[in-house]
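Visitor: Protein chains in written order, with this note's numbering: chain G, 1 to 304; chain S, 305 to 608; chain Z, 609 to 912; chain Y, 913 to 1216.
Hints were generated in silico from the structure; no laboratory data involved. Some hints could be false.
[Said to hold, decoys possible] Straight-line alpha carbon distances no greater than 25 Å define the calculated SDA-like cross-link-like pairs of lysine to any residue that follow:
hint: 1; chain 1: Z; residue 1: Lys619; chain 2: S; residue 2: Asp349
hint: 2; chain 1: Z; residue 1: Lys619; chain 2: S; residue 2: Val590
hint: 3; chain 1: Z; residue 1: Lys616; chain 2: S; residue 2: Asp479
hint: 4; chain 1: G; residue 1: Lys166; chain 2: Y; residue 2: Lys920
hint: 5; chain 1: Z; residue 1: Lys707; chain 2: G; residue 2: Asn105
hint: 6; chain 1: Z; residue 1: Lys616; chain 2: S; residue 2: Asp372
hint: 7; chain 1: G; residue 1: Lys247; chain 2: G; residue 2: Lys99
hint: 8; chain 1: S; residue 1: Lys415; chain 2: G; residue 2: Arg282
hint: 9; chain 1: S; residue 1: Lys315; chain 2: Z; residue 2: Asp625
hint: 10; chain 1: G; residue 1: Lys11; chain 2: Y; residue 2: Asp958
hint: 11; chain 1: Y; residue 1: Lys1023; chain 2: S; residue 2: Thr407
hint: 12; chain 1: S; residue 1: Lys414; chain 2: S; residue 2: Asp428
hint: 13; chain 1: Z; residue 1: Lys719; chain 2: Y; residue 2: Asp1183
hint: 14; chain 1: Z; residue 1: Lys616; chain 2: S; residue 2: Lys415
hint: 15; chain 1: G; residue 1: Lys99; chain 2: Y; residue 2: Glu1193
hint: 16; chain 1: Y; residue 1: Lys920; chain 2: G; residue 2: Ala16
hint: 17; chain 1: Y; residue 1: Lys1022; chain 2: S; residue 2: Leu411
hint: 18; chain 1: G; residue 1: Lys2; chain 2: Y; residue 2: Thr1079
There are 4 protein chains.
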Amino acid sequence: MKPVTHAKVTKDITVADLIREYENCAFGAGRLARAVRIYKEMQADDVTNFFGLAGAMIPAGMRQVVADMIKQGDVDVLVTTGANLVHDMIEAFGGEHCKGQCTANDLELKKCKIDRIYDVYLEDQHFTTFEAKFDAIVADILNSYPKKLFTISDFLREIGSRIEDKTSILRTAVDSDVPVFCPAIADSSIGLQSWAFGYKRDLQVDTFKDIRQIMDICYKARRAGALFVGGGVPKNFIMQSMLLIPKGFDFAIQLSTDTPETGGLSGATLDEAKSWGKIGERAETVTVYSDATITLPILLAATL
Amino acid sequence: MKPVTHAKVTKDITVADLIREYENCAFGAGRLARAVRIYKEMQADDVTNFFGLAGAMIPAGMRQVVADMIKQGDVDVLVTTGANLVHDMIEAFGGEHCKGQCTANDLELKKCKIDRIYDVYLEDQHFTTFEAKFDAIVADILNSYPKKLFTISDFLREIGSRIEDKTSILRTAVDSDVPVFCPAIADSSIGLQSWAFGYKRDLQVDTFKDIRQIMDICYKARRAGALFVGGGVPKNFIMQSMLLIPKGFDFAIQLSTDTPETGGLSGATLDEAKSWGKIGERAETVTVYSDATITLPILLAATL
Amino acid sequence: MKPVTHAKVTKDITVADLIREYENCAFGAGRLARAVRIYKEMQADDVTNFFGLAGAMIPAGMRQVVADMIKQGDVDVLVTTGANLVHDMIEAFGGEHCKGQCTANDLELKKCKIDRIYDVYLEDQHFTTFEAKFDAIVADILNSYPKKLFTISDFLREIGSRIEDKTSILRTAVDSDVPVFCPAIADSSIGLQSWAFGYKRDLQVDTFKDIRQIMDICYKARRAGALFVGGGVPKNFIMQSMLLIPKGFDFAIQLSTDTPETGGLSGATLDEAKSWGKIGERAETVTVYSDATITLPILLAATL
Amino acid sequence: MKPVTHAKVTKDITVADLIREYENCAFGAGRLARAVRIYKEMQADDVTNFFGLAGAMIPAGMRQVVADMIKQGDVDVLVTTGANLVHDMIEAFGGEHCKGQCTANDLELKKCKIDRIYDVYLEDQHFTTFEAKFDAIVADILNSYPKKLFTISDFLREIGSRIEDKTSILRTAVDSDVPVFCPAIADSSIGLQSWAFGYKRDLQVDTFKDIRQIMDICYKARRAGALFVGGGVPKNFIMQSMLLIPKGFDFAIQLSTDTPETGGLSGATLDEAKSWGKIGERAETVTVYSDATITLPILLAATL
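If we strip away everything but chain G, and leave its shape as in the complex, we get (with noise of 0.2 Å):
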């Protein structure tokens, strides 16, 4: 047995020396450090690395460290939530989000007509601009390609190759050459979009033909690692697509506060995983019971 030392900080302490004291603490400060020792094994070349990322992470703050993560080559498959394209794309289009209360007046709020996002505003004008710029770029893509039928993540690899903002996620991503899947894209302003548009035009997004894509990458994958921001469609999604390769993903982090008591599957232990075969028996693996948006830059900055 190995015994708990006591974590030391200095001032000036980098994060990289602070999750070194965090190695040899427990609870979420070992485990932590248990997610970067992870983290730096999953950065080796022949492990094929799939992100799900849940949450509000872009209004929060998180856009730079997600597109750092895919620009420094961390990130082959990046599996997300329609909202946090959204409102990565509201930003590349000029829109701001901004520091506000949660326990504001959400009455008065809709008056001023701001939306909010726990203690994050938006005023519903970067909707209207998202809106026209986003039906420029469709209206672009149909003309280019005028009876493609598309799988979600052609069609959001098309958008994101016109998006000017490179410090977009969606735009970095397509310049990185890593496909953004994303089950649920109806689900979003994207989807409310893409329904005021198609009475015009004639969009069509396959539901299903992405599937193909996803576990072809897995079988290729010689060794598979996955980081979850959170749960929902992204963890379930990347899971299953390793439900039929027969040995798992080798490595995984879980960044998150949902637990497993409730039964649902964004809680689900990883060792849940394994009884599923989704995750292999050897795997190492960690969840971070903690609010991602401190324990994500963590992450990265502990392993640049």
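Given chain G's structure and the hints, the job is docking chains S, Z and Y onto it.
Guide: Same frame as chain G, now just chains S, Z and Y:
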């Protein structure tokens, strides 16, 4: 100010009477009583009710309760996850979920070909049966409509009408003329099977086209209510459907263990949705922060 | 393996029958049914039952339920917080808790001299009444026993016997000869008042001497059961009382929303307590992760 | 409105710089940055700081961080649990905590005489050593003060001054002239030992008399700050000490995973405390909902 009065229980007290005892309690008990009160108002003829069903409610034993809610007319629109539909079909096709241990050794379960969902066990063989029967149903659908581009809800209605088990949620929804939306349908074994199947036959399911139908329902609703079990895509998809409708939901009930402090949509307060206009300014709303496998049957029992 | 069967509710279903429906459900519903089963076994004559009551259960409307549990002999030892005792006395002395809003403006409440406990309001004036009546009781105690060094439980028994309201939990405990332990009694308005009072009179209450009594009860118990509502000091104090007794608790039920992932004792699993020997190796235990204001009355109703 | 700007991390970024990146983030990251800002203000000379330390922070590896906070003058009053003091002394007396598995088989641990605290293991033998050394210290105290009626904080100061290990939290507090309050001291192995010891010698520790001292400190404070790690008795005891002081706390930081929705005091918002007057109307407050083993060292590192 109304005083808290203390709940008094007696031998053979009914669930409906228990809820009357909770009426003047606070915390979860008071909230559950309020949910019952709102649910009763939602049962009025002129209210169109949306039911967002996330979580793994079928494996947990809630299949009958959900089907009964549909059957008795409490549900006008069902939005759920692929997982809930798959587990519903697994039982419809003769499979069963079993009671297990959440502390099980997952590697041993794997050897026994048992998949774990918290404290529920599911034998792999039931997936094999599911796949075969599901393939036959899809083949029959494609024979009937060889070149059809399906919406997800159309596809689900075709499946549901071919399920023989009348206790099935999906079959019950079809029989009751309740549309079933499942934006993330690809994120389930339906997705995996449709992919496997897709090699042979030309199944085409559009990812966006359902939005028109659900928004039409929203537009036509005189008054609208929403019941959310858990969060995830079902919650967000129902909420966003009301985003462009001026008045928003008139009633909303949330049965969930997710809390707002993480910033995610699943745990977001119903007040937050008022800033967006998804929920009306004067709507009656309540969140019961408690395990829905306990509270959902109580909600139904107290309003029969 | 035992199959999950789906809960079926009917009009006028009793709470006891609802629990029978939960018997073969999983997640929280299954756990609650198991808690009922264990609680019934704990009602056997040879089981000594410890009830650890944390949380703010009196303000929430659980006073009658707790008193009834004591009255009908389900509780042999009560361990609770100063807060629960103070709120019990506030009502015994004519005060009342009122239903409020958890989203209230706390600065305005302060101006109105209203103290908030989540969604419960309590007027400052009820504390003033409490202080006067409590002082009179302590004065009377000191007149009766001018130089006595009290244990905390002795002191509480003397207080309880002077409370006129027979619906009081403390009075009910005294009437039922159930000792009440409150290790952190100083951490409450009883503490504040005893201090204010202490200037004038010589109240002496020992902090350690109760341990002998509770350990004697543990030693003498043929079989022992523990019911925990929330965690905190009541849970730990009951657990540690069994630490030196070879066989540990035979039964343990935990109704709580605290989960193990934080590492704290409040959310610690009952299995963890087996490593310490606080709970016996073959004990029957269950944790119901759900709001206790919902589950505690159900537990009582189903076992009357 | 201030825009959210996205956190950017670089190789070798310091913790202090990371927090600067979090300044304009939202959710947990923004809250942690705000906690750092408030903590810096609390370090002003005229602020009297109360530190409420619950949880099992010593087993988790936070002993050095807490001791350093005391040593550098950030703490004027420490309120903690018996458990934290016992685990501090176990290490002071040569014992150690070890890293373990939260999924361990607790019956096997019991056979190996290992006690589990989530993912920390502690050998029974270290309790035996603790008992012997603690008994010797108490014997020495009673020799020095044969008939003294101790307050709990006096008793702890006497113990602390007899601990040789200068890295001990309790010893550090004594050396730094910081009073240590522990209202629930009986609820720990100190309680069990004092009981065992009490048969032979006449140890008298009063449960109420500390309140005078802590309230004196509150009265004399020009400005007052509170840092809470977890909730429980330490939080409530600090809060109630300010109940009778007109102005309440000027600063309050809460590092916790407890949320308000359960209605308990541990998760209560700091705003709620304003209705009671425990926290001042204009106080600067923040709650960081995240594992404190991660956030507490960061708080210290960023303010050195």
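Visitor: Measure nothing beyond the straight line between the CA atoms of Lys2 of chain G and Thr1079 of chain Y; if it is 25 Å or shorter, mark the hint as holding.
Guide: holds (20 Å)
Visitor: Taken at face value, is the distance from the CA of Asp349 of chain S to the CA of Lys619 of chain Z at most 25 Å?
Guide: holds (20 Å)
Visitor: Taken at face value, is the distance from the CA of Lys99 of chain G to the CA of Lys247 of chain G at most 25 Å?
Guide: violated (44 Å)
Visitor: For the pair supplied as a hint, Lys616 of chain Z and Asp372 of chain S, confirm whether the alpha-carbon distance does not exceed 25 Å.
Guide: holds (8 Å)
Visitor: Between the alpha carbons of Lys99 of chain G and Glu1193 of chain Y, is the straight-line distance 25 Å or under?
Guide: Answer holds: Lys99 of chain G to Glu1193 of chain Y is near 22 Å, not above 25 Å.
Visitor: So if I understand the rule, the pair passes when the alpha-carbon distance is 25 Å or less; does Lys166 of chain G with Lys920 of chain Y pass?
Guide: Given that 25 Å is the threshold and the Cα spacing comes to 15 Å, the pair holds.
Visitor: Is the straight-line distance between the alpha-carbon of Lys1023 of chain Y and that of Thr407 of chain S 25 Å or less?
Guide: holds (19 Å)
Visitor: Below or equal to 25 Å on CA atoms is what counts here, so check Lys414 of chain S against Asp428 of chain S.
Guide: holds (9 Å)
Visitor: So if I understand the rule, the pair passes when the alpha-carbon distance is 25 Å or less; does Lys707 of chain Z with Asn105 of chain G pass?
Guide: holds (21 Å)
Visitor: Would you check the hint for Lys920 of chain Y and Ala16 of chain G, treating anything up to 25 Å between C-alpha atoms as holding?
Guide: holds (15 Å)
Visitor: Is the hinted pair Lys616 of chain Z and Lys415 of chain S satisfied, with a Cα-Cα distance of at most 25 Å?
Guide: violated (34 Å)
Visitor: Has the given pair, Lys616 of chain Z with Asp479 of chain S, been kept, meaning a C-alpha gap of at most 25 Å?
Guide: holds (20 Å)
Violated hints for the displayed structure, listed by number in ascending order: 7 and 14.
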